[in-house]
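Model the placement of chains B and C on the given structure of chain A, informed by the hints.
Chains as they are written, first to last, in our numbering: chain A, 95 to 223; chain B, 1043 to 1525; chain C, 967 to 1416.
None of these hints come from the bench; they were simulated from the model. Wrong hints could be hidden among the right ones.
List time: in silico PhoX-like cross-link candidates among lysine-lysine, alpha-carbon distance up to 20 Å [to be verified]: (1) Lys-1272(C) x Lys-1497(B); (2) Lys-1512(B) x Lys-184(A); (3) Lys-1078(B) x Lys-1222(C); (4) Lys-146(A) x Lys-1222(C); (5) Lys-1507(B) x Lys-1445(B); (6) Lys-111(A) x Lys-184(A); (7) Lys-1483(B) x Lys-1428(B); (8) Lys-1483(B) x Lys-158(A); (9) Lys-1099(B) x Lys-1272(C); (10) Lys-1251(C) x Lys-1078(B); (11) Lys-1428(B) x Lys-1512(B).
Just so we're clear, the structure is a prediction, and the values are computed from it rather than from any experiment.
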Amino acid sequence: MSIPTNLKYSKSHEWVKPEADGTVTVGITHHAQELLGDMVFIELPEVGRELKQKEECAVAESVKAAADVYSPISGEVTAVNSPLVDEPGKINEDAYSAWLFKLKPSNAAELDGLLDAATYTELVENEGH
Amino acid sequence: MLIFEHSRPGRRNYSQSPTTPVTKSAIPQSLLRKSKVLLPEVSEMDTVRHYTRLSQKNFSIDTEFYPLGSCTMKYNPRACNSLAMLPQFLSRHPLAPEDTGQGFLACMYELQEILKAVTGMAGVSLTPMAGAQGELIGVMMIRAYHESRGDFFRTEIIVPDAAHGTNPATAVMCGFKVVEIATDKDGNVDLDALKAAVGPQTAGLMLTNPSTLGVFEENVVEMSRVVHQAGGLLYYDGANLNAVLGKVKPGDMGFDVIHINLHKTFSTPHGGGGPGSAPVGVAERLLPFMPVPIVAKEGDTYRWVSEKEKPQSIGRLSAHMGNAGVLLRAYIYVRLLGMHGMHRISQFATLNANYLMAELRKAGFEIAYPNRRASHEFIVTLKDIKDKTGVTAMNLAKRLLDKGYHAPTTYFPLLVPECLLIEPAETESKETLDAFVKAMKEILLEIEQQPEMIKGAPHTMPVRKLDDVKAARELDLAWRPGA
Amino acid sequence: MPFIPHTEEDVAEMLASIGAKTIEELFDEIPKELVSDQLTGVPPGLSEMEIARLMMERATKDGFYQNFIGAGAYEHHIPAAVWQITTRGEFYSSYTPYQAEASQGTLQLLYEYQSMMASLTGMDVSNASMYDGATALAEAALMAVRSHKTSPRILIPQTVHPVYRQVVRAIVSNQNIEVVELPFCTECGQILPESLENSVHEEFAALVIPQPNFFGVLEQVDALTDWAHSRNAFAIGMVNPTALALLTPPGEWGNKGADIAVGEGQPLGIPLSSGGPYFGFMACKNELVRQMPGRIIGRTTDLDNKEGFVLTLQAREQHIRRSKATSNICTNQGLMVTAATIYMSLVGPEGLRRVAAQSHANTLELVDQLEKIKGVKRVFSGPIFHEATLTLPAPVAEVLSKLKQKGILAGLNLQEHYPEMGNALLVCATETKTADDLHNYAEALKQVLS
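So that you can see chain A by itself, here it is in the shape it has in the complex (with noise of 0.2 Å):
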């Protein structure tokens, strides 16, 4: 599956989608799902919370792993993805429209420190070697 060249990805396979109001959505990428396997529990951070960047702030649970979803930048959430709690398996059908949480960044110079398409799949490429 292609990586979308409108977002931006963090090394820790997060993608995000900066929006028009000025937040932005957060999501695991494609790749990361491929490697956890069958969702089956997701766990979100709270709305209001102020999150650091890189700070653990989200859970996604397969049948094999549990791996915590990082955030990319600092900012407060301001909205959380909850019917994914219910059905998880979205991820894995589409990491890209299953988002988990949006953000207000906080200090938006973080964004630009975020990892492009190419360099992101560059990074996936050598992952597999």
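Just chains B and C now, kept in the frame of chain A:
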């Protein structure tokens, strides 16, 4: 069929519980139970038949070869069970006075002494109820030792990346930060990484030797020096003691604290996942911190040593004194084997492992550490097979079940891709090992000819491949009537 | 060679295949200076006949006593079928059921166990067991703090078994969890719910509620549970499984029920055997299941849609989650739970109720008879289940020692753990005691005290 589905209202076993209903009661109405207890209402024969049939759906050492790496599935002598279940032992209350249990305490004391002798440690406490609890207690003693010296800044425990998952989990339970260090290509801990990791913040190193990769840690003496020089202590995870029993003593390797899995090396039953028992042994400097109770001998009398006499003890970690019945079984086992038998354990476990490794290599399997001796276990990797055919280690493991062998440990250690960790304990005969090799060869052929069949294995078990994802997504953890 | 089947020919052929001359050569990677063949201190081996004789001598030396000690370990009748089936090789010598298809026996049994315990405790789900009652309580405390997220404080009444409190402290203190002990009413032997609101000011994660408590007294569980909930904390019920056949289960305490139930499983078919192996049980509400430590079995289907059982929620466990696991525990007490499941099937709901009722009645009867002796009194006014705390008109240690000469273990001296209570004795008479046994105890005590 579940036992509940055999249930019929009003059916019961009249001889199994008090026959005359009592009327005397002084329990306030408000505290009495109103809901029904959903236990099955079945006859004794129904129960016996149901659970006998269930037992027949299990693989076990008594019925199949069980080469499960890191678990030491050796034969459990029947005498250990029957003699530990003598009625006087079973009926003894844990809080009964010491003078009513001198026979039992004598066994416990002698077991402590024998474990000291085979491990080279200065003291042994029998209380830990499982390997993970032995670890917990061991690391708690390391913490207590540093703190007793006013050394509160040792916050890290170093763990090799090949270690059992319990090691890092235990260190965290004891409030430590875990520092993982890498393994080199021959399966030894990377000594440079260790040297870089130690410092004034190091509380200790947890090491399994031989390691979970099935090889002896060749630099153990140097590692011990490095950690001690930095002021840290060495923890020996005794999971693989079977490989070196009577050959090398953890005390001589420089370890300060160890645990011994009696359910592995000393042949107490695994019981479908417990009870375990994991006595801890300590070097001289950790003696004051040992968990209580410990058995002491004065003249011809045995008694418990409590926290009153050991004020620096880390305390009590079980309601009584640990898994007494398991300890009795281990005691009987060591007495049956004696000094020479102890030596033979590691000799023949090692012989069996190296023979099986040689034969599987000849059969075409790839050995993960081909330049090393096997300890009592070794690793086969199916990475090439998976790349070529898509057949995984798990597929092969399931196919072995069809052929009447319990699968080796799969996907542990995590370092080796598509791995099978194989441990044939010393109690298996050459014919059994040869038959296993034959089955493995057959599977190799099947992988070539019918890979899809292998991927669908097992085919002859009571159930086929089970849906783990459904189990975790639609949790069904208890039977409910009408559900 | 004991338990090693190799003939000399086998060894020769195996070494030839390996390409080694001797077995010793296989150890050539071990640094020479470490090898030590000295095992002084290990006696020579015995034959089965010899060890049998030794063990029988030692067992005979220990003998049998009339036991009236409870205090966390209870003597109950164990039907013969329980251990005959439990020690079948297929249960006794199998490993943890990681290979589900080859372990359906153990897995289905554990699922049945979980179902029985969930019903007995009135909770939604049970795990497949813990080491023992004390460690189950410690794990429940850790679980409550994990789930509560804002307070690292646990309230434990002094009516909880003193050794359990020690174990909890030893385990949780490493994680900066604070254990606060609550005093009890010295007249009724209970925690008074109305006293708590004014004495506990700080936030806490959970309140432990024992039922019955260490003194045998029944607590006001409904009010205690509701109070904990009113303070946004969890209620942990610590219960005797036999008693639950008669008493309101934790899941039904107060308005919402306790959140976690734990206890010692030994009364369910496990012999006293000097303290172990026993097993701890743990059950909880659905909302907390992912915070629950230990193994959990789930029912699912196979490729043919046939029912089967697997270990589930394993991602929480140490072998996957390593340093982030819910606990370092990687075992349950499989064999003990096998026995307990067969025990509960054999006695059924009515049998367990009768065991509980008879134990309760026997203890009441014993107390009645003992209280007729001058100077012997019940210490607490609160209602009891199958244990009672008595005060004696003489030092307890001396009395116990004299009764022991008569073959009676007359109870537990509370001097060690509750010195302020004076000459206090904890007694228990389960269904195993006959009317004659109770009478004999009372007569013997009367003699000793006169």
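Cross-check of the supplied hints:
Taking the CA atoms of Lys-1272(C) and Lys-1497(B), the gap is about 19 Å. The hint holds against a cut of 20 Å. Between Lys-1512(B) and Lys-184(A) the CA atoms are separated by roughly 14 Å; this keeps the pair inside 20 Å, and the hint holds. Restraint check: the Cα-Cα separation between Lys-1078(B) and Lys-1222(C) comes to about 18 Å, which is no more than 20 Å; the hinted pair holds. With a C-alpha separation of about 37 Å, the suggested pairing of Lys-146(A) with Lys-1222(C) is violated against the 20 Å cut-off.
A distance of roughly 16 Å separates the Cα atoms of Lys-1507(B) and Lys-1445(B); the hinted pair therefore holds under the 20 Å criterion. About 18 Å separates the Cα atoms of Lys-111(A) and Lys-184(A), which keeps this hinted pair within 20 Å; it holds. Restraint check: the Cα-Cα separation between Lys-1483(B) and Lys-1428(B) comes to about 16 Å, which is no more than 20 Å; the hinted pair holds. At roughly 29 Å between alpha-carbon atoms, Lys-1483(B) and Lys-158(A) are farther apart than 20 Å, so this suggested pair is violated.
Between Lys-1099(B) and Lys-1272(C) the alpha-carbon distance is near 15 Å, which keeps this suggested pair within the 20 Å criterion. Under the criterion of a C-alpha separation no larger than 20 Å, the hint pairing Lys-1251(C) with Lys-1078(B) is consistent with the structure, at around 18 Å. At roughly 26 Å between alpha-carbon atoms, Lys-1428(B) and Lys-1512(B) are farther apart than 20 Å, so this suggested pair is violated.
When the structure is compared with the earlier hints, violations turn up for hints 4, 8, 11 and for no others.
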